[in-house]
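Can you build the whole structure from these sequences, using the hints too?
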Amino acid sequence: MIELKTPSEIEAMKPAGRFVAGILTDLKAMTKVGTNLLEIDDFVRRRIESRKGAESCYVDYAPDFGTGPFAHYICTSVNDAVLHGVPYDYALKDGDLLSLDLAISVDGWVADSAISFVVGEKKDPEDLRLIKCTEEALAAAIDAAQSGNRLGDVSCAVGDVARSYGYPINLEFGGHGVGHIMHGDPHVPNDGKAHHGYKLRPGLVIAIEPWFLKTTDEIYQDPKDGWTLKSSDGSRGAHSEHTIAITDNGPIILTARDE
43 MIELKTPSEI EAMKPAGRFV AGILTDLKAM TKVGTNLLEI DDFVRRRIES RKGAESCYVD
103 YAPDFGTGPF AHYICTSVND AVLHGVPYDY ALKDGDLLSL DLAISVDGWV ADSAISFVVG
163 EKKDPEDLRL IKCTEEALAA AIDAAQSGNR LGDVSCAVGD VARSYGYPIN LEFGGHGVGH
223 IMHGDPHVPN DGKAHHGYKL RPGLVIAIEP WFLKTTDEIY QDPKDGWTLK SSDGSRGAHS
283 EHTIAITDNG PIILTARDE
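Letter 227 of the sequence shown, counting from 1, is numbered 269 in the numbering used here, and no numbers are missing.
It is possible that part of the hints are untrue.
[To be verified] Derived lysine-lysine pairs resembling PhoX-like cross-links, with alpha carbons at most 25 Å apart:
no., residue 1, residue 2
1, Lys135, Lys165
2, Lys56, Lys235
3, Lys165, Lys70
4, Lys174, Lys164
5, Lys135, Lys266
6, Lys174, Lys135
7, Lys74, Lys56
8, Lys235, Lys70
9, Lys164, Lys135
10, Lys165, Lys74
Derived by calculation from the structure, the hints in this document are not laboratory data.
Structure below.
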């Protein structure tokens, strides 16, 4: 069921958005060649434990698309991994493409956001192009998230940017409603038909999350951890995400980062 938030409830969601945004900003700044994925996970754990009212949305999360409960505080997807990456004992190398996806509840309200960036100085222009595509698709989708528009306008905006770059689009995983839970209605696909679907209303809060792979739209679940989604052909992926609220005065990015 799609739930609409009151203006006061949207205000109550802002601390979670700022908290998630601040952690991702700090992680991007501190992540270097040699940083271990488990260090990143532990950093998030300590930040959550130090914040009154904060709870991880990932620890013990057990949806039907994973194998058993997730046991970490953040998703860390490297290179050909693009979603649901489980942190493990791996020291990042120069040129690795890292995606960080983080959802935290603060005082009962959830915020969800993701960033992708290249570690170190060895930056492949094709990796940077892929990341830029996800960021531009996210910006276009947010621009389309106006009260009175349709959910298809948001999805179509994502798909149009991906097609302009020549990247294939996977529709298995996309954005979603956000509120007291991390994954709620409506589903927000990364492609769709403009002027179709649910009419956007003030109070709707959704996470929009464009993610693309360089040369395929096919993914598989890594059997080693039962969670990490990887490209079927080994090509790299990138992922960008914000939680936004629809209002009469346009969309509010609850997870906006001060960079």
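Subject >> Numbers of unmet hints, in rising order >> reply: Going through the list in order, the structure violates hints 2, 7, 8 and respects the others.
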